[in-house]
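Protein chains in written order, with our numbering: chain A, 26 to 253; chain B, 4 to 573; chain C, 887 to 992; chain D, 20 to 878.
Hint data in this document are derived by calculation from the structure and do not stem from the laboratory.
Quick reminder that beta carbons are idealized off the backbone N, C-alpha and C, glycines included.
Among the clues, some could well be false.
Said to hold, decoys possible - Each computed EDC-like pair below joins lysine to aspartate or glutamate, with the alpha-carbon atoms no more than 20 Å apart:
#1 D:K210 to B:E515
#2 D:K210 to B:E518
#3 B:K516 to B:E431
#4 D:K430 to D:D369
#5 A:K108 to C:D985
#6 B:K148 to B:E49
#7 D:K209 to B:E515
#8 B:K514 to D:D208
#9 A:K214 to C:D949
#10 A:K108 to C:D949
#11 D:K242 to B:D480
#12 D:K739 to D:D427
#13 B:K444 to D:D208
#14 B:K516 to D:D208
#15 D:K209 to B:E518
Claimed, not checked - Computed list of chain C residues with no C-beta within reach of chain D, every gap over 12 Å:
#16 P888
#17 L889
#18 E891
#19 G908
#20 F910
#21 S913
#22 A918
#23 S953
#24 I960
#25 A963
#26 V967
#27 Y976
#28 K977
#29 N978
#30 V984
Residue-level listing of the chains:
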Amino acid sequence: MVSKGRTKLNRLLPTCLSLVLPAVLMCGGITMAQGTTPDAMGSGVPHFDGVQKSVSGGIVEAILFYIFGGTVLAAAIGVCVSKRVVRMATWLFGTLGGVAVLYFLLGANYLGVIQLIVYAGGTLILLVFGVMLTSKSPWVRFECPRGEMVVASVVSILLFASLTTVLVTAEWPAQSQSADGVRIAEFGKELLTTYLVPFEVASVMLLVVMIAAAYLARQDRDDSEGAN
Amino acid sequence: MRPRSVRHQPASNDGWVDVVQETSLLTILIFLPALGALGILFAPREMARVIALLTCGVTFVLSLWLIPPFLGAGDPSAAMDIFGSAYGDKLHFLQRIPWIQGERFSIEYFVGLDGLNMPLVVLTTFVTLLACVASWNFHTWKINKSSKAYFILFLMLETGMVGVFVSLDFFLFYIFWEMMLLPMYFLIGVWGGPRKEYAAIKFFLFTLAGSVLMLVALVAMFFYSADAVAERPDLALSYWTGEVLTTGTFDIIELSTNQAIQTKFNDGGTMFLGLRFATTMFMFLFVGFAVKLPSFPVHTWLPDAHVEAPTPVSMILAGVLLKMGGYGFLRLCYPIFPAGGYWWSAFLAALGLVSIIYGALCAMAQTDFKRLVAYSSISHMGYVLLGISVMSQTGFQGAMFQMIAHGISSPMCFFLVGVVYERAHHREINRFGGLWLTMPKYGTMATIGFFASLGLPGLCGFIGEIWVLLGVFEARDRFEWAVPVAIMAAAAVILTAGYVLWLIQRVYLGKEKPEHAGFPEATGREMSILVPLAVLCILFGILPKHLLFDYVNGTLNQIVGTMQDVLAMY
Amino acid sequence: MPLLEIGLMHYLILAAAVFSCGVFVMSTKRNAIGILIGIELVLNAVNINFVAFDRYQVVGGCDGQISAVFVIVIAAAEAAVAVAICMNLYKNLNTIDVDRGDSLHG
Amino acid sequence: MAEISNYEIYLMAGVLIPLASFFILMLFGPRIGKPVAGWLTVLAMASSCALATITLVGWHADVNTPPDSITGRTVAQQLSIDASHNQFHWADIGSVPIKIGVKLDSLTVIMFFMVTFIATWIFIFSVGYMSGHSDEVDGKSKYHRFFCYLSLFGFSMLGLVISSNLLFLFMLWELVGLCSYLLIGFYFDKKFASNAAMKAFITNRVGDFGFIFGLMMVFFFLKTFDLDQAAIEFGRQFASSTGVFDAGFAINLFGWHVSGAMLATMMGIGLFCGAMGKSAQFPLQVWLPDAMAGPTPVSALIHAATMVAAGVYLVARIFRLLTPEAQFFIAVIGCITLTAMALIAMVQTDIKKCLAYSTLSQLGYMIFGMGVGAWTAALFHLMLHAFFKAMLFLGSGQVIEGCHHEQDMRKMGGLMKKMPMTGITFLVGVLAISGFGIPLMNVGLGGYFSKDEILAVAWDRAYMWHEPIEHHGDSGHGDAGGHGDSGGYADASGHADLGGYGEIDSHGSVMPSDASASSFMLVSDQHGSTGHDTGHADSGHADSGHDDSGHGDSLHGEAGHASGSHALGSVESLKASIPPLPKWMFWLALITAYVTPFYMMRCWWMTFMGKPRDQHVYDHAHESPLMWVPLVALAISTFGASYFVFRPMIADAAGAATDATLVLGLDGVAESAETASGALIHVHEAHHWLAYGVGGSWVIAFFVAFLIYRNGLATGAKLKAAFGPLATLLEHKYYFDELYDFLLVRGCRLAAAVCRAFDTYVIDLFANLSASIVERFAVFSGRGVDAHVVDGVFNGLAAASMDVSDLVRSPQTGRIRNYVLFAAAAAVVVVMVMLYFDGSDYPVVRHASTIGASSAGIQ
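Given the sequences, and given the hints that come with them, work out the whole structure.
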């Protein structure tokens with residue numbers, strides 16, 4: 026990968042993003058509209074029968090899967106090959122979006138939404154902020170030794186290969202699918218009954234993290250002079 | 004909603020055992036010292052020893068409450084019930100709380116008391132209290148850094164020791180076992196003598212090496228016990244909840260009384276890495292306990308640890324820690340793997356015999372006062388091993404008594420050494436002499452202590468020895484080697500008398516040395532440690548039944564009974 | 887593995903690929919934030935697996951999705967802390983090169 | 020529990036009062052102060068003595084009551100049986116309960132009285148003795164400590180006497196040894212005293228090793244430590260052809276197969292080893308002469324009168340557990356001791372050492388008597404010896420004290436003028452030990468009777484043994500006494516036990532009451548061995564016993580009869596299989612009877628008569644009333660003992676035998692024993708020539724001693740020179756000290772050094788090996804290990820872990836990404852390995868299918 030190709034890629038990136046993002050949103054909208062049934066509408070909770078149908082043999086789902094799966098993979102590889110942090114972050118955004126669409130495809134609508142909001146909206150922004158705050162320039166790059174690059178790629182490929190082998194050779198039981206997609210209401214109920222404790226723990230943890238992050242990131246501690 | 008999958012049948016409410024709680028006295032006993040340690044952490048430095056002493060005192064007084072339920076055990080009908088198959092009703096101070104529960108395993112916080120551990124717990128709290136009094140002059144020690152840390156570790160050690168003795172869940176036992184190592188390591192390594200680091204690391208590595216094998220046994224026993232129950236579903240009725248056991252267990256009582264598990268463990272066909280399961284596991288456990296005992300080939304940590312350790316730590320080391328080895332044999336090795344014990348019996352007896360004679364001879368050759376006492380400990384604990392090895396009730400009784408007796412006499416001896424060391428700042432036996440003239444009261448106490456250690460009849464050391472010898476001789480019906488071994492062990496009484504009397508002669512008798520003439524008589528604090536120990540030495544010597552045998556006989560009886568049953572099968 | 891009938895396997899292989907990419911990123915980037923991005927990739931791969939299993943291999947309820955939610959939560963929290971750590975690293979070493987932060991190496 | 024009789028209370032109180040005194044002195048000794056502490060001890064012992072006297076008198080009366088018509092027992096018998104029920108459950112061995120209690124019988128009562136009586140006088144002497152001594156012991160007062168030990172000794176010795184349990188007896192036995200140790204080493208700032216104390220204790224410990232061995236055997240075979248029950252059980256086992264003592268039973272002992280009968284013998288010998296230690300018999304005699312390092316009252320009380328006699332007492336108590344072979348062994352040991360030690364005594368110049376060797380010799384006599392079956396005679400000698408030897412020692416103490424701590428007789432002489440009371444009482448003692456008496460008139464001091472009896476029995480064993488039992492009935496036979504003894508012998512080893520056996524059989528099981536009913540068995544032994552005293556009366560016993568069991572018309576039923584005859588049959592065959600006593604043993608004992616008066620007279624003459632050889636010593640000599648009053652008291656009691664106290668007591672013992680045989684239902688014995696109680700005097704009539712021989716010995720020996728020492732030491736020295744090497748041998752006590760020092764002390768020290776070296780160097784070798792292995796590792800990682808790691812394998816291990824960690828840490832770059840890579844690579848490797856080995860059966864798959872199955876099932 027020479028520098029010329031990289032510059033080209035750099036230019037392409039915003040274009041790609043501008044294409045991908047509306048597509049993601051659109052697909053999400055489509056699936057939502059498809060899956061909504063009258064009674065579910067009545068109760069105000071979306072219900073996804075359509076997904077069910079497409080899974081059972083829909084070529085539509087296949088096409089959507091390949092498109093967005095491809096997006097995810099491509100973006101992930103983009104992350105791998107990028108040298109600069111900002112680009113990596115951008116590619117990551119693509120991956121996250123694609124995964125969100127996959128969630129929709131799988132009937133996990135709530136998760137899809139969360140994925141977009143939390144990841145794409147929150148985490149990624151955070152990362153970008155992190156990049157900006159910690160770099161003398163956002164385009165800073167640290168080259169990894171070439172040897173390590175080679176080793177890492179070999180290991181990664183091998184890892185992928187072995188995982189795939191395992192997945193393929195495993196005797197999976199007959200696929201059984203949930204009779205219907207999980208309603209968000211059910212999901213919520215489950216979250217607040219069975220998983221109440223983890224839920225609360227998670228919330229406490231977030232609080233702790235908030236404080237911790239603030240503490241860690243605060244400017245000029247009193248003893249920082251002494252420490253340094 | 005769909006029902007959540009439940010792996011074990013029939014369904015129960017999240018675990019196999021209910022919380023059983025007779026009383027939490029044992030738990031209090033375990034964690035009170037830890038609480039005291041916490042208190043010391045936040046207290047000013049001068050208060051550390053006060054808090055430690057209070058904690059030890061309260062723990063000791065509380066531990067006395069453990070005795071009353073055993074008082075009725077003297078009559079034979081009652082004694083038979085303790086630690087039986089219906090042990091659930093007969094163990095005292097039971098507390099059983101599910102602790103770490105998984106789908107396939109259950110680790111419980113399971114503590115309880117029977118005749119085997121009750122005397123040892125009381126001994127532990129007692130010796131710790133005395134050792135705490137012995138630490139009272141901490142500020143005058145050569146190394147007196149950080150009294151807070153010292154007393155915190157001291158109390159943590161007590162927690163660990165009591166925990167080891169009362170846990171009836173093997174996993175819990177193992178945790179306490181390891182937990183007690185660390186404070187000991189630091190107590191020797193920080194506050195010890197000139198070669199403290201060496202001694203501490205030696206102690207630590209020896210013990211750790213032993214416990215690694217114990218860990219293997221722990222895991223193996225867990226999985227094999229699961230298989231056992233699966234193979235014999237008709238016997239799988241759990242004593243406790245009426246449920247079917249389909250998993251392994253860490254419950255020591257279950258392991259040693261469940262017939263299916265016993266059958267599986269001791270069967271000649273059960274293999275572990277191509278070796279017979281019972282013999283292998285027995286040896287794994289044995290090594291761990293033999294290091295603690297300590298038995299002949301793995302004893303070399305003891306003299307070093309003792310010589311370097313400060314006096315109170317030596318007292319605890321000799322008085323309590325060594326007993327854990329013997330306790331482990333009686334609690335784990337023999338009840339669970341009687342076939343293993345039978346297979347190894349000649350070997351163990353040989354080890355015991357060698358320990359007795361070898362320890363005595365080594366003691367005879369020492370010129371360091373404390374080292375001599377340490378080697379005498381090896382010799383005395385050899386009797387424990389020898390008594391246990393013949394697997395008879397008399398032998399077990401003797402071993403048990405020997406442990407308690409040694410738990411009284413050896414702290415006394417070590418403290419006697421400590422007293423003189425504080426004054427002379429050396430321990431060369433040949434440089435002493437005539438101390439009895441210098442310090443008459445102390446000399447009298449020393450005579451009692453060392454004669455108890457010698458095994459003089461009428462003092463505590465005798466009963467254990469003679470019981471062991473009788474037990475070994477009696478085992479002649481079962482073991483060809485019993486009689487010669489008993490005779491040789493009996494001959495060791497001469498050696499014991501030899502080194503003890505020679506010691507007394509060199510240190511206490513003879514002309515008063517001018518450099519020791521100014522030594523002050525034993526202080527009130529020192530006498531307050533020596534006198535109770537001396538009184539106990541005498542009392543245990545003349546009332547063995549009422550002070551010990553009444554409590555332990557029932558339990559030992561049961562252990563021997565189950566052992567015989569299993570051995571009869573194979 | 888039928889190409890047009892999308893099943894569990896498709897998602898799993900996709901996730902494996904993303905996972906491998908994540909590992910690659912983590913093991914090649916010297917930038918702390920880059921490593922963080924790798925972690926996000928790995929977590930996403932895991933999440934895909936969770937949701938896919940929830941869909942195709944019904945074990946009960948919506949456990950898979952809920953696990954995924956928690957993973958997202960953790961990921962967010964981790965990102966926050968990690969970024970804060972990166973900033974600290976930057977403040978202390980004046981760089982974000984993780985190779986410089988090796989003073990604890992064995 | 021039967022009602023506790025007064026006697027038991029008296030005896031127990033008599034034991035506990037000294038203990039109380041011990042505690043008082045131990046706690047408040049220094050505050051009580053100098054004279055009071057001593058007198059307190061005296062008071063305690065005197066009250067014990069008073070109790071003992073009451074018991075003795077009462078018991079004497081009870082023994083002589085007519086038997087109860089219902090139970091057929093006298094009051095004393097009944098009390099004794101009751102006493103054996105009042106036992107305290109002391110411990111359990113395995114599941115066998117060990118009970119301790121008071122053994123209430125004539126022997127106990129007599130011994131108890133003897134000990135308290137002598138102890139009281141010696142304590143009084145001690146008060147006088149210590150008042151002169153305590154100050155020079157050291158600056159700090161040890162006065163109270165001395166009396167403290169004496170009290171403890173009183174307690175343990177008395178406890179030993181009344182104990183009914185062998186194990187408990189052993190405990191007190193050791194406690195007595197401890198007191199001995201403490202008192203020998205009382206002047207412990209002197210090296211020789213502490214050495215002597217240690218020597219005494221360790222030598223005793225060697226004996227105790229045998230004792231413990233015996234205890235183990237007793238427990239293994241008899242399953243009890245109770246003296247009576249053990250005897251019953253022993254008799255049963257011994258009589259039974261299937262018992263453990265049968266030839267069919269064998270034990271592999273160090274590769275040597277020991278038959279059951281042999282084991283029974285070994286049991287007896289083992290127990291006797293304890294007695295050998297305490298009574299300082301032949302191979303273990305070395306400690307007693309050295310024990311004279313202790314204060315003189317201690318020598319008198321412990322090392323002459325009571326403790327050393329405890330060995331003989333023990334043999335008397337375990338007599339029923341001794342097989343003929345064991346008795347033979349005992350006889351041999353006793354014979355060697357009595358001769359060898361008497362010879363040494365001839366050359367001693369230290370007054371206390373001389374007396375010590377005399378004590379050894381006399382103890383040898385007692386043991387010899389026990390061994391040949393002269394049970395009563397040996398005990399009689401024990402009692403008498405206790406009195407006069409205590410007196411002699413006190414006399415020597417008086418001399419030593421008077422002569423300014425001079426113990427060498429060569430520097431004394433002519434002291435009679437300065438200390439007449441001492442001289443006279445000493446002479447009484449000399450006469451008593453020499454067997455002073457006039458033959459055929461039954462006039463004499465104690466030794467005359469007791470020693471003669473022992474010799475008579477020995478002669479019987481040596482010359483009359485193979486006469487058939489039936490002949491015993493012939494009272495006209497001149498040697499009936501001797502036969503009687505052989506009957507007694509048989510009785511002791513087998514016959515008495517037969518009684519126990521019959522008892523058990525007839526009642527079906529060993530009920531406690533039955534077992535203790537046989538507690539009179541011992542007394543039955545007394546009777547048996549008293550038999551020789553009573554001549555034909557005793558042979559009547561043997562015959563009637565035989566008849567009784569033969570006809571089965573006694574209180575026992577058929578079962579008793581059957582077993583009885585069986586047992587008796589085995590006794591007969593036993594007797595037939597035992598060789599008689601070798602004749603040399605009898606002759607040695609007889610010759611020694613001539614040696615004893617010689618050295619005693621030599622001792623007295625050198626000390627009290629002739630001209631003063633050291634003017635300084637002579638000038639200093641004096642005596643004080645506090646010290647000679649006890650001497651006189653004991654001297655009088657030596658006379659009194661001979662004529663008025665011990666004779667009736669022996670009669671009591673014989674009378675008690677009547678009781679015992681009644682319990683056993685042996686009517687004939689009862690009749691014969693009744694005659695026995697009045698017929699003691701006849702013993703010497705049955706031994707005309709022996710009476711001349713022994714009775715005349717003192718005349719000749721005294722005369723010889725007078726000839727040699729009348730003109731000072733010159734003649735003695737010449738004689739010694741004439742004997743040359745023999746004298747040297749005797750002066751060096753046969754080189755036993757040197758031998759033991761070389762073999763045992765050096766041997767032990769060598770073994771100890773070897774062990775220590777093993778601990779330090781062999782384990783070091785192991786450590787060195789490990790260390791060198793570790794070094795190879797170290798080279799690999801580029802770091803050298805200290806090449807001189809020699810102190811333990813675990814040093815090496817620690818170093819090894821360091822090096823290994825160096826090796827391991829090289830990948831630990833501290834770079835996160837590398838770690839990730841390692842983890843991933845490891846995962847790949849794991850998966851690949853699993854795939855390689857078994858693609859279809861790795862757990863991932865199995866697990867997945869399990870999940871599927873269970874979920875399918877639920878659906």
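How the hints compare with the structure:
1. With a C-alpha separation of about 11 Å, the suggested pair K210 of chain D and E515 of chain B falls inside the 20 Å cut-off, and the hint holds.
2. Distance hint between K210 of chain D and E518 of chain B is fulfilled; the C-alpha atoms sit about 19 Å from each other, no more than 20 Å.
3. For the hint linking K516 of chain B to E431 of chain B, the alpha-carbon distance of about 13 Å falls within 20 Å, and the restraint holds.
4. Distance restraint check for K430 of chain D and D369 of chain D: the Cα-Cα separation of roughly 10 Å lies within the 20 Å cut-off, and the hinted pair is therefore satisfied.
5. Between K108 of chain A and D985 of chain C, the direct Cα distance comes to roughly 16 Å. Compliance with the 20 Å bound is thereby established for this hinted pair.
6. A hinted pair counts as satisfied when its Cα atoms are at most 20 Å apart, and K148 of chain B with E49 of chain B qualifies at roughly 13 Å.
7. For the hint pairing K209 of chain D with E515 of chain B, the CA-to-CA distance comes to about 10 Å; that is within 20 Å, so the pair holds.
8. Taking the CA atoms of K514 of chain B and D208 of chain D, the gap is near 4 Å; set against the 20 Å cutoff, the hint holds.
9. Taking the CA atoms of K214 of chain A and D949 of chain C, the gap is near 12 Å; set against the 20 Å cutoff, the hint holds.
10. Distance restraint check for K108 of chain A and D949 of chain C: the Cα-Cα separation of roughly 38 Å exceeds the 20 Å cut-off, and the hinted pair is therefore not satisfied.
11. Taking the CA atoms of K242 of chain D and D480 of chain B, the gap is near 14 Å; set against the 20 Å cutoff, the hint holds.
12. Our distance criterion of 20 Å between C-alpha atoms is met by K739 of chain D and D427 of chain D, whose separation comes to about 17 Å.
13. For the hint linking K444 of chain B to D208 of chain D, the alpha-carbon distance of about 16 Å falls within 20 Å, and the restraint holds.
14. This hinted pair checks out: K516 of chain B and D208 of chain D have alpha carbons roughly 10 Å apart, not beyond 20 Å.
15. With a C-alpha separation of about 18 Å, the suggested pairing of K209 of chain D with E518 of chain B holds against the 20 Å cut-off.
16. Distance check for P888 of chain C against chain D: the nearest CB is about 19 Å away, which clears 12 Å, and the non-interface claim stands.
17. Separation of L889 of chain C from chain D is adequate, the least Cβ-Cβ distance of about 23 Å exceeding the 12 Å criterion.
18. Non-interface status of E891 of chain C relative to chain D is upheld: no Cβ of that chain comes within 12 Å, the nearest being about 19 Å off.
19. Distance check on G908 of chain C: its Cβ comes as close as 9 Å (rounded) to a Cβ of chain D, failing to clear the 12 Å threshold; non-interface status is violated.
20. Residue-level check failed: F910 of chain C sits 9 Å from the nearest beta carbon of chain D, not beyond 12 Å.
21. Not every beta carbon of chain D lies more than 12 Å from that of S913 of chain C, the smallest distance being close to 4 Å; the non-interface claim is violated.
22. Consistency note on A918 of chain C: stated as away from chain D, yet its beta-carbon is not over 12 Å from all of that chain's, at 9 Å minimum.
23. Residue placement check: S953 of chain C keeps its beta carbon more than 12 Å from all beta carbons of chain D (closest about 15 Å).
24. Interface exclusion of I960 of chain C from chain D stands, the closest Cβ pair being 18 Å apart, more than 12 Å.
25. Listed as a non-interface residue, A963 of chain C keeps its Cβ farther than 12 Å from every Cβ of chain D; the least gap is roughly 19 Å.
26. No Cβ of chain D comes within 12 Å of the Cβ of V967 of chain C; the nearest lies about 15 Å off, and the non-interface call holds.
27. The claim that Y976 of chain C is not at the interface with chain D holds, since no C-beta of that chain comes within 12 Å of its own (minimum 16 Å).
28. Listed as a non-interface residue, K977 of chain C keeps its Cβ farther than 12 Å from every Cβ of chain D; the least gap is roughly 19 Å.
29. A cut-off of 12 Å between C-beta atoms confirms that N978 of chain C is not in contact with chain D; the least separation is 15 Å.
30. Not every beta carbon of chain D lies more than 12 Å from that of V984 of chain C, the smallest distance being close to 6 Å; the non-interface claim is violated.
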